Amino acid sequence: MTERVVRIYSRFERFWHWSQMALIFVLLFSGLRVSGVHRLSSFETAVTVHTGAALVLIVLWLFAIFWHLTTGTWRHYVPTSRGLFAVARFYAFGIFKGEHHPYRKAYWRKHNPLQALTYLALKLVLFPAIWLSGLAYLLYGLWDGVPEASDYLAIVAGIHVFTAFVIAAFIVAHVYLLTVGHSFREHVAPMITGFDTIDLTPEEEAYLEADKPCSLK
Amino acid sequence: MRRAMTKRLGFFMGVLLLGSFPALAQPADGTTAAPGTSTADHSLFEILQQDFKSGPEVTAACLTCHTEAADHVMDSIHYTWEFPHPTTGQLLGKRHVINAFCGNVVGNEPRCTSCHAGYGWTDMHRPPPRQSTAVDCLVCHDRSGAYAKLSTGAGHPPMSTRGETITGAPAKPVDLRTAALGVGLPGRDNCGQCHFYGGGGDNVKHGDLSSVLVEPTRAVDVHMDADGLNFACSVCHVTRSHKWAGSRYAMRASDPEGTGLPGQRRDVATCESCHGAAPHPADLTPSGLIGVKMNDHAGTVACQTCHIPTFARGGVATKMKWDWSTAGRLEDGKPISTEDYTQGDGQHRHTYLSTKGDFEWGEDVVPHYAWFDGQMIFTTGDQTIDPAQVVEVNSFEGARDDGVSRIWPFKRMDGRQSYDAGYSKLAYSHVWGPTTDTAYWTNFDWGKAIEAGMKAAGMPYSGEYGFVDTHYYWPITHMVAPAEAALACDACHAEGGRLDGLPGVYVPGTRPLGLPVVLGLLLFAGTLAGVMLHVALRLLTGRAHHD
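Protein sequence lines, in the order shown, are assigned to chains R and X.
If you're matching positions, the first sequence starts at 152 in the working numbering and goes up one per residue.
If you're matching positions, the second sequence starts at 179 in the working numbering and goes up one per residue.
These are computed hints drawn from the structure, not numbers from a lab.
Bear in mind that the values here come from a model prediction, so they are computed numbers and not experimental data.
Ideal placement from N, C-alpha and C gives every residue a C-beta, glycine not left out.
These stretches of chain R come out as covered by chain X in the derived footprint (C-beta under 8 Å, 3 or more residues):
| hint | stretch |
| --- | --- |
| 1 | 199-209 |
| 2 | 247-258 |
| 3 | 293-301 |
| 4 | 320-333 |
Away from chain R, derived, C-beta distances all over 10 Å, residues of chain X:
| hint | residue |
| --- | --- |
| 5 | Leu-241 |
| 6 | Asp-445 |
| 7 | Gly-506 |
| 8 | Arg-507 |
| 9 | Gly-511 |
| 10 | Glu-517 |
| 11 | Gly-576 |
Please construct the entire structure, taking both the sequences and the accompanying hints into account.
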């Protein structure tokens, strides 16, 4: 094992991450307006922005899904119990005792097991919940003829709004955990530059040096 | 001739539908025909160049060419004042219903029938006159402005300076020759003589039909805008054989058919029949995204709900409350009046009359909203009422799932009117009758007026009367504002918005602290608190660690 500075976040992944972040903030803000929680814009503007941002995010997601499948990056999110308990234990106790983060990033495991599990849950539960409820909400005109449609719409909207709050809570935890282990800056930098310090096996190192020298520093 | 006019109308509508310079295609006087487009110049017709002595004489002259016109008119509701309701089975029409205004026609004929599209209907017990010359052609077709109807003449025009016309103007002898030579297709002022002044004054009844519509601005009515589209009433209220599309007894609350091909759909006055069922431009532009949503709304709300933000616009108020129970206050034995309401155009309106009681007026009124299936139900004189409740003199049904209803705007008038306290039925009253000793407006005695009214209506009367609170509903469909003045989303999508409390709709934005938001906020706050706790523990233990 060698510790090397390797590009682990490709240009598309970083673009996806940051544009998704921006869109989610726009969606949260405009969505809260649609729900009536704040009145900082007109309802019409909020609906326009919310719908537009949602459509853009859907397109982005279609690309991201395609990218995950074709590049094999989806494997980063396969859940594993190896090291999961150690990370959880660290956040709950170890961190207060001055211990170091137990997880070491690898080329095909750039997230720690708890992180990977969380992202998987986000991608398989929260995002589908918000997309499906959002699309049903947006396309209400296609099913408003079913009996009691407005009651179902209230349920759909309720799921949509509550899921949005869960995602907002995720963001809080997500940003907070950037301060855990290394400094906030060290955590954020890889998602900007793409490069992070990780452990490489000799085979990975040889492969990268031979085939992707630009991914190594 | 009629066919030619119909053809021309069809062509005109075609031009409109194509949207090619509609403003240029409009006539300048609010009629459906552009000046100079008619194939006949009536001023050249010899038979019309007479010194007519009466309305029927003019009609006789008209009928020499328009041989079928009298039959057409006599078969229309404008003449029969009778409407067998196709779905409820009720026999309605002015001839039969009781309303919350002057009550009933029967017993008050020459006054009420002054607006009849005929001459000489002085007795409601009998059908309207059947002789063809009893049809009043001029009230609709006089474009010279010379014609008028006397307010108490059972439809006849004034032939002296006595009295006033149906619009409240001082009477003067009508120049029937000028009127006959100046006929044309009806303009807004023709229809408006009766329809703007129903209930005894300008905009008293409808709320969305006032004298403002004779020459409206664009802000008051985008279609009738005198400087713009300048639609006559009959542009929307299309006709066939002198029968008009559009009814307040049996309406189309929704019209999924939308536009028809040229020559089709000659029987509808719906917005959709011109604008289609999905009228808002829908695409991926910002306004198009909202357009998609607004088209979705068309399955729930009537076009009128957003596009007529308020009614009684343009400076003429409408009567919102009429309390008959306070009528009859006299000073020194003489009837009194107060005019405490000044409307937008500066005119004063009565707030009390000894003859009629107390009134309240409204302008720029926010409508009452309700699901409406288009079918009006009336509390007729033979129905038992519950005087402890507000009596719905007319009412309607409607629900989201019935397939036809939409949420409609209404003028809801509050009334307090007489009823038979013994039999619990709405009372007929005899109000007008300058020469009788029973008419209320002359004698101020409810006991006599109701007894006479019930007798005129042929209804049993217990001899006791009282007053009940009533509601009367008018679906609002005129005074369509320009698109930019339509209701913004926030009018409904806000706490306490306009549709607050209506069943069958989920309106986002009306419950900022609904269950999903509260649960979500709790989760969010819990997460924040957890993070804070974590930070605090890290700070504490970190310090201890460093120490």
